[in-house]
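Protein sequence lines correspond, in order, to chains A and B. As numbered in the numbering used here, residues 1 to 167 make up the first sequence, in order. As numbered in the numbering used here, residues 1001 to 1533 make up the second sequence, in order.
These are computed hints drawn from the structure, not numbers from a lab. Since the structure is predicted, the reported quantities are computational estimates derived from the model, not experimental observations. Among the clues, some could well be false.
List of simulated lysine to any residue pairs, SDA-like, C-alpha gap at most 25 Å [said to hold, decoys possible]: (1) B:1495 - B:1332; (2) A:105 - B:1170; (3) A:49 - B:1393; (4) A:167 - B:1236; (5) B:1236 - A:12; (6) A:49 - A:108; (7) A:105 - A:71; (8) A:167 - B:1393.
Take a look at the letters that make up each chain.
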Amino acid sequence: MRPYARYLGQGSVYLVIVAIVGTLADTPAYRNFPEDQGMIRLTLSHGGKPKGGCRTQSAEELEKIAPNMRRKRLCSRERLPVLVEMTIDDRRVLSRVLQPTGIRKDGPVRLYEGIAVAAGRHRISLALRDSDRAKGFDYERRTVVDIRPGQNFVIRFRPEFGGFVFK
Amino acid sequence: MAAGNPLLRSIQRPLRLAFALPEKLLDRVFPGHWNPLYNLGALGFFMYWIVAGSGIYLYIFFDTGLTEAYQSVEYMTNDQWYLAGVMRSLHRYASDAMVLFMVLHVMREFALDHYRGSRWFSWITGAPVIVLLIVSGITGYWLVWDRLAQYIAIKTTEFFDWLPIFGVPIAANFVAPESLDDRFFSLMIFLHIAAPLFLLFALWIHLARIAQARSNPPRGLAAGITAALLALSLVKPAVSHAPADLSTMVTSVNLDWFYLGLYPLVDMFSAGAVWGALAFFGLTLMAMPWMPPLRRPAPAEVHLEHCNGCRRCVEDCPYEAVAMQPRSDGASFDLEAVVNPDLCVSCGICSGACPSSMPFRRRSDLVSGIELPDFTIADLRNRIRKACARLSGDVRILLIGCNNAARVERLTNAETAAVSLPCSGMLPPPFIDYVLARGLADGVFITGCREGACYNRLGQGWTNARIDRQRDPHLRRRVPRERIARCWAGPLDDKALAGEIGRFAARLRTLPAAAPRPAGPPPAPGGQKAAAQ
């Protein structure tokens, strides 16, 4: 093969390599989420109430315990499951009983959910039960929101702020 | 190729041919050992150094802050496009090329059956290299903190949240802008530096059992690929997406499919399904050397009574399967060779290097200091004698081939006899002398894998060096070089090889007839003591 043909051939090989690299480095574009929708995202990490409840230790009981170990309230280690429900425009989109994490079931429940909705006005209702009550919820909140196209509307659960927090 | 399993063979053979064709084409345009397909591993390693060098430069300008990270990358891309911008593009494209070369390297080694038997170690240690490379790439994209980084951050953390090991969903850190702070980028830059360092360590282990590993491609090829990537960086600079905004969803991204190709699968199926697929693929990859295990020939054996501790076998073994140890038989030499059967691939290169592989020997059995029990040096002499005895043409050619290249048995006829070896490097140079001196043939034609593509890595190079008297054991000066021909031919080169043999035959016809040198009675079959002695 003539030298110039070899150089041409080598150049073609390099061209093929950079064409593959240059193309797959950013194409084809990937459409991840519809442009005309928004996302309602619910995230929580919360410990249910202790299973079996708590009791107050008597003074005699506390006396038998080392001073640095004394706790007036004595609770069982295991936590209760947590019930979470979410309704959007009167349609129940989430109803889940979350089990406590950990081998001893003493960890918090965790939830991270995203629900895609059409852009526009939506009525959102949220409810959470973390106690051993048979009916009803310990935390509830309702709101009406205008979801913009592409908006990431975040709902967190913060009991220290009264329950569900909208962002 | 040693694949015995029909299913495995049905996958490997087409794949081998799929590589053989472009290899042959590229051999025509690339000189010597430059063929990129013979240098895939070395090219991948070379890309590592380009990525590391460009990464160090980029780190000078990179700012680890929530807003500053994006701004600093934009500064490099736009304000200092002529240097930092080019470096950024080179950093990205070289890392992409590294994945490309790695994938091709894995496929080719699989096609060549280079992952079973003694080679299992390199295959298994390649698995962490894949993982660390992908981790390095993903953490790099994360640092830019643009819309693509936002997508990667959320999808990666959602993917890991599927595993029941985090008390709090880590994806929750990316649902709103206030969940992040500057320390996050310090963590990411640490990961993006640590992962490549571990990758370098993994590459070092990957090559640990390979003698004279080629971790650098030929300079010309390295220069060519660097120039090509630089040109790509100038023509199509790497750019960022819009800055990350956690209050909005990422709707469309330009994914780097080399590193991020799995992310759409998580969207299409689920994190659990992709974890399952990855676990299945990973475990299968790790188990492949034993699915099924290679039924390999017996490893080389040392015969101490013929070993003088010369070290030639140690220096020529491509897999570091031969070592020296203090003499154990009381002979007057300091050292003796010892074979590690776990590392030996039974290529026979060691017996080609052994000075006791001497076919002229008549006063004792023909036993080499080191040889394959399934294909001894005495077997080789017998096969050569038997093959040459069938020659009846006006020129008689002995064709010495290799089991992994062009099939020399197909090229036999009245004037061409063939003997195929596990590797061309198994041929001790005195055998060429023997064939010509004894008048067993008028010429010796040596063939094997295509140049630079030796199945056993070094056999072809050692054969050339021995014949050219550049490496021990040398082919003796008295051997007429005009009666020796070499042509390196792959599995698709039967026709070209036949043409070369024809030209060699024509050349031999022009030479005066060679008179066999007096050499005493021929040895008895099987290398046993000659009856005359």
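Hints and how they fare:
Between residue 1495 (chain B) and residue 1332 (chain B), the direct Cα distance comes to roughly 52 Å. Violation of the 25 Å bound is thereby established for this hinted pair. Our distance criterion of 25 Å between C-alpha atoms is met by residue 105 (chain A) and residue 1170 (chain B), whose separation comes to about 20 Å. A hinted pair counts as satisfied when its Cα atoms are at most 25 Å apart, and residue 49 (chain A) with residue 1393 (chain B) does not qualify at roughly 98 Å. Restraint check for residue 167 (chain A) and residue 1236 (chain B): not satisfied, since their Cα atoms lie roughly 40 Å apart, outside the 25 Å limit.
At most 25 Å may separate the alpha-carbon atoms for a hinted pair to count; residue 1236 (chain B) and residue 12 (chain A) meet this at roughly 18 Å. The hinted pair formed by residue 49 (chain A) and residue 108 (chain A) meets the criterion: a straight-line CA distance of about 10 Å does not exceed 25 Å. For a cut-off of 25 Å, the pair hint linking residue 105 (chain A) to residue 71 (chain A) stands: about 21 Å separates their Cα positions. About 93 Å separates the Cα atoms of residue 167 (chain A) and residue 1393 (chain B), which puts this hinted pair outside 25 Å; it is violated.
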